[in-house]
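There are 2 protein chains.
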Amino acid sequence: MTNYALLASAAESFVLKGDIVYCKGPQELVSVEGGYLVCVEGRSQGVFEQLPERYSGLPLRDWSGKLVIPGLIDLHTHAPQFAFRGIGMDLELLDWLQTYTFPEEARYRDLAYAREAYEAFVRELVHGATTRAVVFATVHVPATMLLMELLEASGLITMVGKVNMDRNAPDNLSELDAKSSLAATRAWLDEACRREFKRTLPILTPRFVPSCSDELLAGLADAQRQYELPVQSHLSENPAEIRWVAELRPDARCYADAYLRSGLLGGAGCPTIMAHCVYTDPDEAALLKQREVYVAHCPTSNTCLASGIAPVREFLVAGMRVGLGTDVAGGYSPSMLHAVAEAVKVSKLRWRLVDQCAPPLTVTEAFYLATRGGGSFWGEVGSFEPGFEFDAVVLNDDDLPQACADTLASRLERLIYLDAGSRVLEKYVAGTRIGL
Amino acid sequence: MTNYALLASAAESFVLKGDIVYCKGPQELVSVEGGYLVCVEGRSQGVFEQLPERYSGLPLRDWSGKLVIPGLIDLHTHAPQFAFRGIGMDLELLDWLQTYTFPEEARYRDLAYAREAYEAFVRELVHGATTRAVVFATVHVPATMLLMELLEASGLITMVGKVNMDRNAPDNLSELDAKSSLAATRAWLDEACRREFKRTLPILTPRFVPSCSDELLAGLADAQRQYELPVQSHLSENPAEIRWVAELRPDARCYADAYLRSGLLGGAGCPTIMAHCVYTDPDEAALLKQREVYVAHCPTSNTCLASGIAPVREFLVAGMRVGLGTDVAGGYSPSMLHAVAEAVKVSKLRWRLVDQCAPPLTVTEAFYLATRGGGSFWGEVGSFEPGFEFDAVVLNDDDLPQACADTLASRLERLIYLDAGSRVLEKYVAGTRIGL
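Protein sequences, first through last, are from chains A and D. For what it's worth, this note's numbering labels the leading residue of the first sequence as 1, then goes sequentially. For what it's worth, this note's numbering labels the leading residue of the second sequence as 437, then goes sequentially.
Since the hints were derived computationally from the structure, they do not count as laboratory data. All values reported here derive from a predicted model rather than from experimental measurement.
Under 10 Å between C-beta atoms, here's a sample of chain D residues computed to sit facing chain A:
no. : residue
1   : Phe520
2   : Ile523
3   : Glu540
4   : Lys781
5   : Leu851
Where chain D lies over chain A, by a calculated footprint (3+ residues, C-beta under 8 Å):
no. : segment
6   : 88-98
7   : 346-359
8   : 397-404
Cβ-Cβ distance ranges computed for the label pairs, FRET-style:
no. : chain 1 : residue 1 : chain 2 : residue 2 : range
9   : A       : Asp283    : D       : Gly470    : 53 to 61 Å
10  : D       : Glu664    : A       : Pro359    : 41 to 49 Å
11  : D       : Gln486    : A       : Arg194    : 57 to 65 Å
12  : D       : Pro686    : A       : Thr99     : 48 to 56 Å
13  : A       : Ala218    : D       : Pro718    : 50 to 58 Å
14  : D       : Leu527    : A       : Gly25     : 17 to 25 Å
Cβ atoms here follow ideal geometry from the backbone N, Cα and C, with glycine treated the same way.
Whole structure, please, built from the sequences with the hints as guidance.
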């Protein structure tokens, strides 16, 4: 729907000089100290130790001594939950939704409230190291359009979903029935298409099976095909949730199968992200792999809502598509650097406490998930290899002792653990420098 | 050794007005919005909704709208590891020590290096929400004295240990033998006594059993009695470490028993902190309780070194003494607010993955551990109840949305998760305002 070619032609061509680190593969961190990263019309031409003659005419932006990394990709976050991040972490998922989340999301009927809260969300996203995000809004069409406008203006590239929910939510938030939810969705999609955003795609967003009647999911599948939309939802996050889904959908072999039977689980022409997958067993994993579904691993949220630890090592061994998400406000931090650190941390605890056959994630692997892993949802995004869209972040670690960090890999590791979101000096999204 | 009376007489008398939150007990969070917290000569006189007439003559420091909490108490941290925090998190304890920690600590033979690194450590501690800390230095006497001088000048109250280690360390770090380690320790203690620091106590610091010969531990026990010193060390952190200790000390029933047999495990006149206790079973726990030993729970470090999760709920149910530590640089963050959040987080994962009979820590319980729990190592410290030493921190959360945080408890929770170390406006230690 969005013409990214427009973006590319607006993007500049230039050379960034700096200490460049990126992933080629999950175990392959490439680092070039004092390297040259070349951008031509929005795409990386690669990283060079010496600047090739053919690029010598391009303007040079000299960030010598600063770390340059690919922009981070947040595969799962909730914009309307940003305002209450870090509050109400004493409940598990279903009670947390009813007690804290739904009442807060109901406020987004009020556009003035939504504007203040969404402006703060977008400001935070812009200042951090994230360049792209896949975002839940609320059920409200006007507030969702407002969020899309703010994100479009920010320069970030995002997918934004008006949430669908026609059951098991309080009256002041739930949509009346499937029909009105679908009508609102189509109104939203038509408006979003009409606006011709360059950076901001709509994504279909049934909240999760307990919130969506069979009729609603079927209608969304129709809209998915008609508008050729990507899909995001939640999957296998919490034991009580999974038991509930089994009751609600006795037709389904497993939780993922419920989405599949409703026509909303990946496959050709339906790129899909499922957040969490904490309790996804090998059968469900095989289904996700077959349907080419992306898992958005959200370690902070899975810890804070006491959900558990997703078997990410198993997903990677199985060759599944995996990225990372902050899942604000199940996760309290909107920082993807924080998410990288948390992914490593929980994988260590899972190795120690659950399965010593599943080695912990390395920092490189988690960084891969946060860049190229999630970035591939957009195509060639999340790396500096030639041809990749030019998402790049320049980070400042001048004030940290250099004696102890004698490689770019260790400087990157330190910035991940110290959650260096506030250290962003410059940020490029698809070749365009965006204002911080 | 240190005359805290000197401190008290230097401390001012005044009233702080603000939104005051503190713990009376592990489940009892007291909050008074727009309350008056009275300090007379270094001790709290309590918190009042209306200022009692008898205090109306004291100067009022008006922090209306700002959160006022007790200073946080870091029961376990390593000053010489601050410089490499966030680096080298890919190994377990014993390999991590040999690969990263010992080579870095060897640098503290160089006083110029030590000065730069320790100044950065102290600066960070001063700016955060910590008012007291129990600190490992290195084996080096001059660098340890320098650290004590810097801490004394900072206004923080600390205990600092010159580390003892006479075996299983590289030649450039290990002390030659028990005799020379003991001689250096006595030289350090004599020098520390001579300096008459007001805020900075020495604490005996055998690194851990694998680093200390039986002869060294016996000699340290003699010094402990002679100088009437507190003791700190490490206990039951990692499975390989515990197996090694069992080999090294076949005489001991358990790891803690090795310290006991060497005369360095609590009891009358020997206040003792043991860091970690991840694998402390009920027998070892009973021994710690009997000897009134403090457990310094270090959740970040235990996660990052893949050690595991300490059974803190069990310790609390057993009525043991427990505080929190940052354990820089096994833990990457020197922030005690971060440690509080991590304590809650790992307790949720332990509940979910290990023992559903051990409910997760609440935020209030973890905050209690970080204030009154650890503070009691100094006596009446870590609360605003009448008679407690006046350690207080004023935090600014003006820029965070207030609509979502309608109680002081939820504002505190949010500041804990958002790691509000950079939000400290003012800090008092034993009644004295210290420069930030």
